[in-house]
Amino acid sequence: MDARIAWMIASMRSISGHSTVALLLLAAFWALAPRPGYPAAYEASTLHNAVSRSETVQGLFAERWSTILAGDPFLDLYGRINWVPAFKVNTVTMTGEKRTVPMTLVRTYGSLSLILRADPDTPADHTPPSDMPADTAIPVRTPPEAPARGDGFGLGFTATGFHYGLTRKTTINRGDAGSETVTDYKYTQFFDDIFALTLLYRPYFHVHGGVIVNNQIEPNDDGTMDYTEKSELSTRWFVSSELFDFLTGTATALGDEVESFSMELALTELAGLFTGPVGQSVPRFTLVFRRTALYNDEPYDSVWVRSATARDGTTSKDLNLADGLKERAALYTLGLLVEENYRNRVFFDIYAEGQKPTERLISKTTDERIEVSPLRELRASLGYNFFAGTGGTLSTFKMILSGGASRYWDTAAPLHRERGDGYVLYGGFGSLRLEAPWIGMELRASYNHSVELRRLVECAEKAVLEGSFFASF
Amino acid sequence: MNGKGLYVILRRFAPGAMVLLLAGCSYTMDYIESAITARSSFSIEAEFDSMANTVSIRWDESPGLSDFAGFEIYFARDEYDDYDLLASRFETESGGSGGGNYKNLDSSSTRDYSYTPPAPGIYFYRVGIIEWDEDDDELQEQYGAFYFDSPAAYNAETSINKISGYRMVTVY
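Going line by line, the protein sequences match chains X and H.
Per this note's numbering, numbering through the first sequence is continuous, rising by one, with the last residue being 473.
Per this note's numbering, numbering through the second sequence is continuous, rising by one, with the last residue being 172.
Read the hints as simulated data drawn from the structure, not as lab findings.
Using N, Cα and C, we set each Cβ at its ideal position, and we do this for glycine too.
It is possible that some hints are incorrect.
To spell it out: a stretch of chain H is covered by chain X in this simulated footprint if at least three of its residues, at any positions, have a beta carbon under 8 Å from a beta carbon of chain X; those stretches are [claimed, not checked]:
#, stretch
1, 31–44
2, 82–89
3, 159–165
Chain X is nowhere near these chain H residues, computed Cβ spacing over 12 Å in every case [to be verified]:
#, residue
4, Phe48
5, Asp49
6, Ser50
7, Ala52
8, Thr54
9, Ser56
10, Ser62
11, Asp67
12, Lys103
13, Asn104
14, Asp135
15, Asp137
16, Gln142
17, Tyr143
18, Gly144
19, Asp149
Below, a list of computed lysine-lysine pairs in the BS3-like style, where the Cα atoms sit at most 30 Å apart [stated by the list, open to error]:
#, chain 1, residue 1, chain 2, residue 2
20, X, Lys317, X, Lys88
21, X, Lys98, X, Lys169
22, X, Lys169, X, Lys88
23, X, Lys98, X, Lys88
24, X, Lys356, X, Lys326
25, H, Lys162, X, Lys230
26, X, Lys88, H, Lys162
27, X, Lys169, H, Lys103
28, X, Lys88, X, Lys230
29, X, Lys98, X, Lys230
30, H, Lys162, X, Lys169
31, X, Lys98, X, Lys317
Can you make the complete structure from the sequences, with help from the hints?
Okay, here's the thing in structure tokens:
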């Protein structure tokens, strides 16, 4: 892998210029337009960063629980398959030839939560939404999107898993019987799982605690893989809690070291403690503070910490840097999220996040200091529910068409983008979400969208296609 | 809690917990995606015998199918090329008729195959396990009682159930 990382790092270039918010809208249209073929090669190496991957799977866990807590299910099942086609990979063939081969980056995500409530249902648990038309023919069993918050004690168990890996598609010509396509595993496959217990005492608090299991398996040379093959396994512990719907804290630890820590303060809900319950259409403001031990002088990092020379003053840092000479830096971020849900018809959100690393960051290719942009992420999205305000059974369904645009800054952007050499990426997404009582699905296409780039910056300048489903009872 | 109490709890909840663990874990989702995209799932061995001028391919994978239709052998000249049919029960290496039982590729107990490659060079091989797409009654209705021996039925009503990984052989 080292030779491929070296090749990848050799393609790293200089810092980008400034950007403007006004470009976001243009980026949204540009992002969804047909793309030309990619001229550059690519290597998926930062997938090896288990810190970043743990953050991703934790984010998905939190995203799912946010949905669970908005309703009152006892069983929640969620699955997502995400494909990044035309993923250019520098490879060496079995005959020793160096070649750039298009592959597919596959990301699959599954989650299953079981919630046991100590208290029986109360009539308040099944109150129809306040904005539902009075003549609506509500079925006896109200669907979960109704604000049915069951208060009281509860216990939850969740198994959540995320798989990342490259695959290669091949066509098999069966002669007169036609042709079919098959796929092979390529390179390391990553499996990150969370097993967590949740204690609920709503509406006062809930606490999640569990283990994150990071695993990586090398497939066989012939494209097959055995889950029981020798693998690299590491475990992390995490705990997350929310108090009174407005204060959320999350920490992840490897051994006795805290790797990441975040705190969310829901300002609108906090204000509601003093002013009384806030209406559904009032914008939600949330502050997000996060500290992540992101830069560690590892081979897969795109930057050196503090200097290209180790603290002993003589050793030039390279891919073979001894563990004792590696330096570490954390990234502090502070974000503000504003969300608006207007009568379940129009959905709008905007998020801006600033950043500051704890040490200087040095480009691995130029050995020069990187001027870190104070703005890490800026994104906005708008959605419209076509079934809002309809009468009868149809009002229990949702069909939400959404779109959005984003700007994202990352030290690894120059490595993974196909064109240009800047640290800033503009992109967008489009999605269609269908929800019926207890089940739903979403189709989503994105290009350079910051939500995808945060999860995996390797998605830079590549189309991402995603399908997801859920069942919640 | 005594041992009996613990046993009762485990017996009651363990199966549900296992299902929960499996359904929510990364391996299950990968397994589902693998099934959707027909991932190669078993390995083969292949070697060239220069004395006999033959390539021999072996596999251990059992079809394990009640609707097994045959084995197929595929080849490519480049690791990242598409694969072409080399042989099936109905088709020989030269494109002729295999008569329905060519080199025992119709038998679920067959575990090897060999042939004489046409020219020196690099070859890549795969083995496919083929299944009938429809059930027995429907196939009999459409193609008669002996549909199993019909090339037309085979070509129209079968698909790959499992595909092997690939194996490179140098022929000299």
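So is the stretch 159–165 of chain H in contact with chain X by the C-beta rule, three or more residues under 8 Å, or is the coverage claim wrong? Our answer is that it holds, as 5 residues pass the Cβ test (under 8 Å) against chain X, meeting three.
Hey, does Asp149/H actually stay past 12 Å from chain X on C-beta? 15 Å, holds
Closest CB of chain X to the CB of Ser62/H still more than 12 Å away: 16 Å, holds
Gln142/H remote from chain X - nearest C-beta pair above 12 Å: Holds: least Cβ distance 16 Å, greater than 12 Å.
Given as non-interface: Asp137/H, partner chain X, CB spacing beyond 12 Å: 22 Å, holds
Pair hint Lys356/X and Lys326/X, alpha-carbon separation not exceeding 30 Å: 20 Å, holds
Confirm or reject: Ser56/H is not an interface residue toward chain X, with every Cβ-Cβ distance exceeding 12 Å. 16 Å, holds
Assess, step by step, whether the Cα of Lys98/X is no farther than 30 Å from the Cα of Lys169/X, and give holds or violated. Holds. Lys98/X to Lys169/X sits at ~19 Å (cutoff 30 Å).
Just checking, Phe48/H versus chain X, shortest CB gap more than 12 Å? 15 Å, holds
Outside-interface status for Gly144/H - nearest CB in chain X farther than 12 Å: For Gly144/H, whose nearest Cβ neighbour in chain X is about 19 Å away, the distance exceeds 12 Å, so it holds.
Interface exclusion of Ser50/H relative to chain X, criterion Cβ beyond 12 Å: 19 Å, holds
Mind checking the alpha carbons of Lys162/H and Lys169/X for me, to see if they're no more than 30 Å apart? Roughly 15 Å between the alpha carbons, so the hint for Lys162/H and Lys169/X holds.
Of the numbered hints listed earlier, not one is contradicted by the structure.
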